[in-house]
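Okay, here's what each chain looks like letter by letter:
Number of protein chains: 4
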Amino acid sequence: MVDVSELLADAPDNWGRWGDDDELGALNWLTAGEVLRGVGAVETGETFTLGVPIGASDGDPVWPTRAPAGHYVTQDQGTIDAGKRDREPFGHTGSADDLVHLHTHGTTHHDALGHVWYDDRLYNGFDARTTNGGLERCGAEHVANHGIVGRAVLVDVARYRGVRALDADERITLEELEGCLDEQGVELGGREILLLRTGCLDYFYAEGADAFYDRYGDSERSDALLEPGITYTPEVVEWFRDNEVPAFCADTITAEQTRSEETGTLIPLHPALLRDLGVVITELVRLDALAEACAADGRYECLFVSGPLKIVGGTAAPANPVAIR
Amino acid sequence: MVDVSELLADAPDNWGRWGDDDELGALNWLTAGEVLRGVGAVETGETFTLGVPIGASDGDPVWPTRAPAGHYVTQDQGTIDAGKRDREPFGHTGSADDLVHLHTHGTTHHDALGHVWYDDRLYNGFDARTTNGGLERCGAEHVANHGIVGRAVLVDVARYRGVRALDADERITLEELEGCLDEQGVELGGREILLLRTGCLDYFYAEGADAFYDRYGDSERSDALLEPGITYTPEVVEWFRDNEVPAFCADTITAEQTRSEETGTLIPLHPALLRDLGVVITELVRLDALAEACAADGRYECLFVSGPLKIVGGTAAPANPVAIR
Amino acid sequence: MVDVSELLADAPDNWGRWGDDDELGALNWLTAGEVLRGVGAVETGETFTLGVPIGASDGDPVWPTRAPAGHYVTQDQGTIDAGKRDREPFGHTGSADDLVHLHTHGTTHHDALGHVWYDDRLYNGFDARTTNGGLERCGAEHVANHGIVGRAVLVDVARYRGVRALDADERITLEELEGCLDEQGVELGGREILLLRTGCLDYFYAEGADAFYDRYGDSERSDALLEPGITYTPEVVEWFRDNEVPAFCADTITAEQTRSEETGTLIPLHPALLRDLGVVITELVRLDALAEACAADGRYECLFVSGPLKIVGGTAAPANPVAIR
Amino acid sequence: MVDVSELLADAPDNWGRWGDDDELGALNWLTAGEVLRGVGAVETGETFTLGVPIGASDGDPVWPTRAPAGHYVTQDQGTIDAGKRDREPFGHTGSADDLVHLHTHGTTHHDALGHVWYDDRLYNGFDARTTNGGLERCGAEHVANHGIVGRAVLVDVARYRGVRALDADERITLEELEGCLDEQGVELGGREILLLRTGCLDYFYAEGADAFYDRYGDSERSDALLEPGITYTPEVVEWFRDNEVPAFCADTITAEQTRSEETGTLIPLHPALLRDLGVVITELVRLDALAEACAADGRYECLFVSGPLKIVGGTAAPANPVAIR
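Residue numbers (our numbering), protein chains in the order written: chain A, 13 to 337; chain B, 13 to 337; chain C, 13 to 337; chain D, 13 to 337.
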């Protein structure tokens, strides 16, 4: 198997482009001008929330080494019925209260730039040891403080192929990506947020967790998946750099072909995008309803607005991005 | 002390207005038309994220019976240094991973409509027992699935009064609210999301948690606060109804005068807004930078976009709303 | 399927035996005299700890609707290496710190008497509504404040049958129990803590979690198991009552034949023992090493000492009982 | 302030005494013979459970940087009333279920030997980096697998001084310890588990959390305490070594004079005992009732049996030790 350190020895990066202290990466592309460009993409006022449910009774889609969210209720009508809460100071209103116990990568989220690294260096050269006990550098709060607002483009590969969902382990090439954009009639002007639809997440919610893991699980490793997606090649990375892509979103857990057929390793595009280019990877994005609307009127762009949670030192920022058409 | 059941016996409500099964309440006002109206408020493309940090080293502002967020790192450079994670399948990339343990009301959040009730009925008449073990009705996922997108108006009462932050226990009257809007030169057309600034949260972040609790704590009850804000009167509730306010946001933990000088009880406006009118209350919204920008150019409106977490059955939806001017 | 309310309509109970306020149940049998009797069973000074590991890398055995424990490290050499902890006040010592996130029934534990009920009444007649939000009555702290100390007897049914572990869904009858005790040469004098060995837990640790769930899972219900064990009959319950058994322990997750062949329902012996007789049921007790020692010298009794965690209002008390021979 | 590395440069240790792979330390002293010696100390059959409550409504005593336990109920009569749990397969029994979220040092616990270190080495020379992400060496499971069983001796310094509880910051000298033992008429034969009573924990439960932190808090550091206790001197450490003390327990959070008047640093005895000698330090042990009984009949010894939770890689093992007289 390839070592990422060698694989990416000559890969392009954005280190230093926005200063030596920059922890925001390619989100720097999203200037006020780009926000206005995104706003300009709105026509009908339809909105779509792209997050997945947290704590759904049928289970949450997660990478096998993570657990679904816990949801704990500390007060409800039952505790009040039992006389355990003094509601007199509140004029006898009832009230319910709760907590969530949540893997930051266990629901729709933007990866922090410091989530993945190699050669002991994070994005922009920060020491990997700064990750110990929480990201001191390139943590989720940088993504969240800035927010992600701009023009987004949907690349609906499932529809392009005419399938409900791509199969396990399938690869999407750069040519297919461009072919799909072409057929959709979308031109990239640069700095677009990309939304890649494989149909995998729709399959999870239509068929259930068991069917999903049966289809996309890795029979050789119980701790991994074999999702379909794009993968690392020098051309792919250059394409991301040249298009000044600030954020890449997909409707899968891993956002790329999990086991790359190029390298034989797991998720090699992550270090190339997150650590080298500073592109924010966004996973578990629900795209079905948006895709339906795009297909209906042939308009594949939208204003994308995401305000993820500002988890200080977080390795990811849970989110529920909003698409406005 | 007043019993809310009597206090609100004749209060106006929106039950049935959007059907007997409605769990969305006043967010129904936010139609595509209102979204476009909000989009029309954008001029410069400046963005502001209104969420507070989660797990900040100086502490998170919370109601005394709740705890600040826990942030637990399960993998970092340290675990890799110690040889505890097999990174070979990943081509030897490093990776960090974590969880959060979070009171849904313990950070910036939208209250679920089912968060507060009286007379054993939630908004739209649902049985309060449906709250047991998690909201089966009017849970946070309804707010989150819809999202909150529309024109928002800032009401900067702190600036209007010329103070850094309102004092503990102070009341903001309807007249003052209207006077402030007037001075700001804002006209409400109806269906605006309201952002009320008291400066309390800015005080927390400027002076620290100890100073905040010293100033706004209730010396008679260690389990309560005495924040300033608007409070319940029949006129206030009618004003919310007549203006078809979909969501009310404030930069405090309780979003109203915590101990109402009208009723002597804690947070009586909550049941009137959430349970009767279905207005989403939003707390711990950080407004300092937005307020600065509004004051600078005298434009107090913006496009407000919030995609909070879709916690199924949640009593609140943690959020990081984005304001776009 | 049988309704437990009808099944146990005429079942014997210990309600009122130790007063109307008693929340301790059959542990009342464990007087100082019984403690001395237990102490008298010690001969060699060998000790055995009967708890299972928590957070083992190969997984923890749990009922399918519960999750294995989470273990979160908040400080270690890695955080110190990264300069994130000021160790100067400690004279530069290093220090590690952590939390566990644990289902009380998700490891070796004693059930609280209030864990299971029917006809809206807990043990000794307490209102079932007192369970809301945590056991106000018959919670785990009662077991834990008292502790469980006395003479215990091992009933090694696996060895008696000459099998490594009983099969899924198998039943152990009262006759077999008595036959086993007889063959072991043990006479019950009354008030003994019973330790029933099926070998199931040994199978889990020898063969791994997947093999265990394959063997003992319920192919018809992913949310249940089909473990072997004793089950409810009127005679079994009378036997427990007549022998004044204070606590019953087994090396399975459910401590009885999960799906009773008598009733067709799940775990009907639980309400008969916990709620009617006040007998503490103890699950996930590791018995392999103790059984080995007992078989070696033919002595099947020991001093049993358990000090479980005093979780106030808990539905179970996690424990690591110690057997001293 | 003294650096522990220099302070303990010539301190005695037990490294290698029980082999290069030993992770059990001074608990090795607790052989079967010592167990029998402990059993021999039982006369009346009285039992005392020494753990503190977890999740008590009045709060749990914790070091300021840790949080009290969380207790989350996932099922109760309320969820059943609301029809949210299908109890039909269970013959309509009711059932309650819950979790705890617990700092391992946030309740009565035995420190793992790897909890504290210096010079990058744990007890017996293991690399401190093995602590990263959980103790690979000298974790809590070693204490818990072995259990702690032996003769224990109470040293009731509070009673010796004739005070209810020692004051903040007070020191207990070796001479006082010996004087107290002498007055109690106890002779140490070696290998005794020591139980030191200052009365601090009794003060917590008698006067409440606020009074406790007022009295024992450090006015100069909100993240520390100033509890009374013994402290490091070469003589103290030699005394522990010469007496072959396996475990040292106290009724305080820190088990020693928190800020040592010898060194000016916080808890310097911890590294000397845990890391050098392998003596298990045990904190938050409730001793009031046991002390009462000892004083009543002048017998200050007991059989001590602790089976703490087997948290794999834990930095401490929560426990509820049982004393049998």
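Some hints here could point you the wrong way.
Since the list gives no way to pick out one identical chain from another, each pair is judged satisfied if it fits inside one copy or across any two copies.
With a Cα cut of at most 20 angstroms, we get these calculated SDA-like pairs of lysine to any residue [said to hold, decoys possible]:
1. K96 x Y215
2. K96 x E187
3. K96 x T86
4. K96 x R133
If you are wondering where the hints come from, they were derived from the structure by calculation, not from laboratory data.
ask   = Hint by hint, which ones does this structure get wrong, listed from lowest number up?
value = When the structure is compared with the hints, numbers 1, 2 turn out to be violated.
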